[in-house]
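All chains should be modelled from the sequences, with the hints used to inform the complete structure.
Chains as they are written, first to last, in this note's numbering: chain A, 8 to 236; chain B, 17 to 377; chain C, 277 to 534.
Be a bit skeptical, because a hint or two may be false.
What the hints assert, rightly or not - To be clear about the criterion: a stretch of chain C counts as covered by chain A if any three or more of its residues have a C-beta under 8 Å from a C-beta of chain A, and this derived list gives those stretches:
hint, region
1, 340 to 354
2, 417 to 423
3, 444 to 450
4, 454 to 461
Please keep in mind that the hints were generated in silico from the structure rather than gathered at the bench. Small disclaimer: the values here were computed from a predicted structure and weren't measured. Even glycine gets a Cβ: it sits at the ideal position worked out from N, Cα and C.
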Amino acid sequence: MSTLLSPDDLQSVGLTLELAALSTAVLLALTIPLAWWLAHTRSPWRKPIAALAAMPLVLPPTVLGFYLLLFWGPDGWGGQLTQWLGLGRLPFTFAGLVLGSVIYSLPFALQPLLHAFEHIGRRPLELAAMLRASPLDAFFSVALPLARPGILTAAVLSFAHTVGEFGMVLMLGGNIDGQTRVVSTQIYGHVEAMEYGQAHALAALMVAFSFAVLLYLQWSRAAKAQGAA
Amino acid sequence: MSIPRQLRLQLQLSRPDFRLDVDVQLPGNGITVVFGQSGSGKSSLLRCVAGLDRPDSAHIAVHEHVWQDDRQKIFVPPWRRPVGYVFQEASLFTHLDVRANLYYGLRRAKDADPAALHEAIELLGIGALLARDVAALSGGERQRVAIAAALALRPRLLLLDEPLAALDAPRRQEIMPWLERLRDQVRIPMLYVTHSVDEVARLADHLLVLAGGQVHASGPVSQVLAGLAPPIALGEDMAAIFSATVQARDPRWHLMQVQFGDASLWIKDAGQPLGTPVRLRLWARDISLARSRAHDTSIQNLLPATVTALLPEAHPSQVLVHLLCGEQGIWARITARAAQALDLQVGTAVWAQVKSAALVG
Amino acid sequence: MKLACLLLSHRPLWALAALWTLCVPGPGRAAEVQVAVAANFSAPMQKIATAFEAQTGHRVRTALGSSGKLATQIKAGAPFEVFLSADSQTPLALEADGLTIVGSRITYAIGRLALWSRQTDLVDAQGAVLRKGNFSYLAMADPRLAPYGAAALEVLKSMGLWPSLQSRVVQADSVGQTYQFVASGNAELGFVAWAQVQEAQQKGSFWLVPTALHSPLRQDAVLLQKGKDNPAAQAFMPFLKSPQAQAIILSYGYTVYP
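As structure tokens, then:
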């Protein structure tokens with residue numbers, strides 16, 4: 008089996024994991040404040056912003072990738088902005104894929120977080136205020152711990168979603184060695200080139216890995232629930 | 017005698033389906049019970065005092081410290097007000113154990129004193145619960161921990177929002193003695209919201225009655241309940257509550273005599289030493305009236321009194337009679353027919369026959 | 277007995293049955309052929325199909341895709357009857373698997389490779405821009421998947437530029453996507469099909485790559501087993517070699533065998 012996994016393949020696995028981890032981290036940093044705001048605001052902007060955040064669910068990833076390619080290209084506003092900022096251009100780069108993944112997986116991170124914060128409600132925060140905690144303090148010492156299951160779900164979903172990302176990478180990636188060559192496009196390439204053995208090997212590796220991760224999560228959640236009792 | 021420092025509450029709150037308009041001065045010590053039916057605004061009042069809800073216009077001052085004044089554009093945010101708050105439910109953090117809950121405020125209050133926490137733990141008897149998880153506590157235990165957590169910060173005002181409403185009857189009875197201990201031993205003024213007359217009877221020093229977002233009555237509890245100020249509709253629970261002193265004892269019949277003013281009653285001997293002040297409750301339904309003093313009746317507590325008012329009751333067959341016994345007001349509920357048969361008028365002298373009187377608290 | 281009575285009593289049913297028999301193609305009547313076509317040939321294919329339908333009265337249904345994908349589908353039993361590939365390897369592979377009618381394979385077009393940029397001043401007519409290297413990204417199709425990509429790789433290797441340019445190469449899934457990368461400006465230049473440059477009316481700048489630098493881009497067509505008894509399929513293959521079809525193919529920038 009190991010002869011079937013070429014150095015290219017293995018590198019793509021590493022790159023994919025890196026991409027998923029970084030995207031998840033960025034996504035959580037972005038969506039936790041956003042979900043918090045959405046859960047508590049009474050602003051009229053709430054509904055349009057929530058709808059906008061759910062849009063990536065509706066667009067086929069290939070379409071999303073295509074429009075990002077244009078938007079971040081030399082003709083698009085995004086591309087002109089990044090160039091003006093001295094950041095070069097985003098298509099064909101790892102950074103571009105991270106950003107694309109963040110957009111693509113946004114609803115998957117936002118929904119569980121929003122649920123978790125809404126579920127907490129106002130009472131724990133009022134309690135914190137009555138025990139001399141400022142709103143920022145209350146967010147970190149009460150809201151985040153209470154939302155931990157939701158945060159974990161958001162992280163897992165984003166990670167898994169990014170690992171499985173294909174259409175967007177296909178459009179935006181350029182299959183550059185060490186930068187944008189991820190597992191999903193590798194498997195696809197093997198299938199296209201009728202290198203079925205390699206496709207099977209790589210796919211099996213990813214399936215085994217994902218299953219192990221998810222199984223571990225199930226186990227740790229059950230252990231936590233038991234430990235708490 | 018110096019006037020105890022006051023709580024000045026003046027606030028207006030306007031919502032689509034609700035209005036709160038309050039302007040009162042409350043005593044700066046003892047328990048003020050805020051009584052009213054649901055929707056009367058009592059919880060809103062408490063939340064405004066705590067700063068959790070923001071009234072449209074307000075002047076809130078506690079012991080001369082202004083917490084909110086819209087004219088001077090002062091608004092102290094809730095986490096900076098030296099107030100303790102006990103919620104009706106979900107009153108503890110579920111992600112922390114009991115000890116962590118108790119220390120949460122202490123870690124953040126600027127003038128925190130661990131001694132206060134230990135006192136509170138003693139007072140509420142929760143020492144054995146410290147290592148427990150919040151989910152493992154009974155409802156009554158949870159509320160006791162919540163009260164201790166609030167007390168540990170030595171607040172200038174303790175707010176309790178229907179703390180027993182979410183408990184079942186046995187739990188309520190279990191926690192009542194602790195609340196009475198609180199009332200007896202803690203020198204902090206308290207605002208206690210409830211719709212339970214029992215809690216009024218057992219805890220209130222001062223009574224603030226709210227109805228429809230307005231103040232209906234405010235004053236010492238015996239006065240509000242027994243005075244001529246518009247009576248609050250306590251319904252079946254209508255009663256007079258006032259203090260008396262243990263005067264004498266009859267060991268043979270296991271009775272003791274309690275005296276108020278010039279009048280006295282013989283009640284069940286509860287063991288208090290002579291001279292101890294006690295709190296009495298006389299239900300209106302337990303008092304019947306007679307024009308002449310009856311001699312061959314099982315009712316031995318007969319009080320001379322004067323009729324001061326006759327008020328219609330919810331049901332047309334009933335009438336509520338207000339009497340003055342010396343300086344103490346008492347209520348009696350009789351049928352309208354009886355009132356007419358006895359030709360009761362304002363000023364009529366009658367005998368109040370007290371079938372039973374109970375000690376409260 | 278009951279069924280017969282049921283049928284006899286329903287006159288509309290008879291009318292429908294009669295109509296249906298008229299529509300089923302029998303020998304000599306107009307037929308339909310399912311053609312799988314490599315995506316880069318889609319534009320000329322449309323015209324060829326129209327001409328074929330006009331001449332023979334048969335109908336053509338086209339399915340587009342990359343040669344590799346189409347081949348995989350054919351192996352999995354897709355109902356294609358004729359296959360127009362973008363290369364010569366894929367039809368060979370299908371032949372080896374016994375999915376084709378032996379002897380039916382023909383080269384219907386020969387492609388040309390072009391190095392193209394949408395910037396009018398970037399690519400010179402000798403391709404010296406590759407040595408100059410004044411660009412960030414060079415796009416080409418994945419050599420494993422597309423013959424134009426394999427040809428591009430051959431060109432770079434034969435020019436000795438592969439080692440130095442490799443890090444700047446952006447690989448696309450197909451020559452269609454290669455074109456997209458270049459057309460959007462994300463890659464300044466790329467190796468695309470000459471037919472694509474023609475379609476864009478030769479806007480931008482280009483280098484028509486000499487055929488000596490790469491293996492010929494023979495595009496082969498083959499009759500598949502599924503089309504064995506289909507007159508439309510059988511008529512389509514020779515039509516590809518007809519003067520009409522060849523004129524169309526030439527007009528799109530391909531070459532043909534005489």
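Hint check results:
For the region 340 to 354 of chain C, the stated coverage by chain A holds: 5 residues have a C-beta nearer than 8 Å to a C-beta of that chain, and at least 3 were required. Counting residues of the region 417 to 423 of chain C whose C-beta sits closer than 8 Å to any C-beta of chain A gives 3, which meets the bar of three, so the coverage hint holds. Given as covered by chain A, the region 444 to 450 of chain C passes the check, having 5 residues with a CB less than 8 Å from a CB of that chain where 3 are the minimum. Chain A is given as covering the region 454 to 461 of chain C, and this holds because 4 residues of the stretch bring a CB closer than 8 Å to a CB of that chain, at least three being needed.
When the structure is compared with the earlier hints, no violation turns up for any of them.
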